[in-house]
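Chemist: What follows is each chain in one-letter form.
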Amino acid sequence: MSKTTSFLMSSVGRKMIMALSGLFLCSFLVVHLYINLFLFKSDYGVEFDAYSHFMATYPLIRPIEIVLFLGFLLHAIVGIWLWLMNRRARPVKYEVLKASENSALSSRIMWVTGIVVAAFLVVHINSFFITSRFLTPERSMFVIVREVFRNPWYDAFYVVALGFLAYHLKHGFQSAFQTFGLRGTRYQRLIDLVAMIFWLLIPIGFAAMPLYFLWAY
Amino acid sequence: MNFTLKIWRQKSRTDEGKLVTYTVRDISPDASFLEMLDILNETLVRRGEEPVAFDHDCREGICGSCGLMIEGRAHGPHRGSATCELRMRSFEDDDTITVEPWRARPFPIIKDLVVDRTAFDRIMAAGGYVSVKTGQAPDANAIPVPKHCAEKAMDAAVCIGCGACVATCPNGSAMLFVAAKVSQLALLPQGHAERKERVGRMLAQMDAEGFGACSNTYACEAECPKQISVEHIARLNREFIRAKVS
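From first to last, the protein sequence lines stand for chains X and A. Residues 1 to 217 in our numbering are what the first sequence lists, from first letter to last. Residues 1 to 246 in our numbering are what the second sequence lists, from first letter to last.
Be aware that a few hints might be false.
[Unchecked claim] Now the in silico label distances, taken between C-beta atoms and shown as ranges:
id : chain 1 : residue 1 : chain 2 : residue 2 : range
1  : X       : 96        : A       : 15        : 46 to 52 Å
2  : A       : 15        : X       : 70        : 34 to 40 Å
3  : X       : 96        : A       : 131       : 43 to 49 Å
4  : X       : 123       : A       : 131       : 56 to 62 Å
5  : X       : 92        : A       : 4         : 18 to 24 Å
6  : X       : 43        : A       : 79        : 55 to 61 Å
7  : A       : 141       : X       : 70        : 54 to 60 Å
8  : A       : 108       : X       : 8         : 25 to 31 Å
Calculated from the structure, these hints are not laboratory results. Where is the CB? At the ideal position from N, CA and C, for every residue including glycine.
Please build the complete structure, drawing on both the sequences and the hints.
Modeler: Here's what the structure looks like:
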């Protein structure tokens with residue numbers, strides 16, 4: 001068996017794929033948030049529209065977009081694969097189990113938070129990405145965003161889903177570094193600090209957008 | 001003290017098994033959990049019933065034989081202690097206590113609360129050793145071992161192989177066990193020669209036995225009677241990367 005095959009066949013190797021793809025998706029969150037923060041600029045969306053036009057038309061963005069979609073797909077497929085393998089490892093469940101005494105809830109429900117985030121992505125892509133990429137809307141992206149976020153039900157779903165994303169990242173981000181063998185080393189405090197940015201600040205930044213258009217704009 | 005016990009009874013590997021309720025009376029608060037089971041068994045034998053089968057040996061927390069899921073916690077409610085070290089004063093009078101065997105596909109039930117943990121032996125046989133030519137005993141200080149390495153290796157070597165990590169892991173993963181063994185040998189110069197092969201072989205055996213994959217819930221560390229840290233899992237992962245990329 002070659003080194004690559006034995007790597008992929010190993011449960012630890014598969015977890016490293018989860019960790020790598022997860023951190024790649026985290027890097028996307030940073031770019032996505034940076035651009036979308038222009039929604040808060042008091043210029044009626046001029047700069048935001050310029051960015052969204054660039055993202056929708058600049059040719060180099062296309063391959064990056066495809067790699068990003070493949071990243072999501074890989075993360076989901078390997079995640080489901082590991083989940084099935086883990087379920088098989090305990091065919092008979094305990095009658096009494098006090099899991100909350102020994103582990104964090106976020107670490108035990110990654111599949112639930114993952115499914116909610118995936119469902120959110122479908123709605124989210126349908127609302128914004130498809131409009132900006134494949135349709136030629138008469139209104140600017142800023143106006144579309146404003147219209148969509150005026151619906152309180154949509155906003156409620158949006159904020160709750162971001163809560164699930166935050167919970168997913170609360171476990172996922174530090175877990176990736178444990179998989180790389182970097183927790184418990186001198187990098188521990190740095191990892192925990194950066195993790196806080198990803199699981200707390202970034203989801204808050206995204207959640208502020210619908211609330212801004214609902215109440216403040 | 002009086003207790004109501006709900007104990008998993010299963011005649012054989014193939015039997016269905018079910019929880020059976022028993023009551024025990026006048027148990028000393030200072031009795032260990034295993035002594036309480038002994039008292040129950042004496043009563044059962046007197047009544048002409050089959051006693052409850054459970055694993056035990058040293059009864060002082062160093063052999064790793066005992067291991068029961070007690071009220072949903074591996075080795076009972078306390079941290080850093082094995083089932084044999086658990087005293088009945090840890091419970092309230094008239095408590096109902098559910099006692100189940102370790103549950104994982106690679107740990108099939110032999111009878112009642114006794115499970116087959118030979119999967120661990122096969123993981124050890126796959127690489128948990130140092131190959132040496134046995135001859136004369138070597139000079140005591142021929143191989144210098146730094147103090148901090150010896151300390152860390154010892155922290156891993158305290159693993160008694162009880163299987164609580166597997167039992168408590170939501171994925172039935174044996175990562176803490178394998179990590180303790182790999183880590184112990186990786187930290188010592190004697191283990192360096194075979195470190196690359198060792199981690200690959202032991203992990204491959206772990207997967208082949210049907211244990212799940214680690215999802216870093218750290219439940220194993222919380223329930224390990226020897227309080228082995230998940231730092232050793234991080235070291236195992238480093239060993240794996242080192243073996244695969246170099």
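Chemist: With reference to the structure, classify each hint as holding or not holding.
Modeler: We went through each hint and held it up to the structure:
| no. | hint | result |
| --- | --- | --- |
| 1 | 96/X x 15/A: 46 to 52 Å | violated (21 Å) |
| 2 | 15/A x 70/X: 34 to 40 Å | violated (48 Å) |
| 3 | 96/X x 131/A: 43 to 49 Å | holds (44 Å) |
| 4 | 123/X x 131/A: 56 to 62 Å | holds (58 Å) |
| 5 | 92/X x 4/A: 18 to 24 Å | holds (23 Å) |
| 6 | 43/X x 79/A: 55 to 61 Å | holds (57 Å) |
| 7 | 141/A x 70/X: 54 to 60 Å | holds (56 Å) |
| 8 | 108/A x 8/X: 25 to 31 Å | holds (29 Å) |
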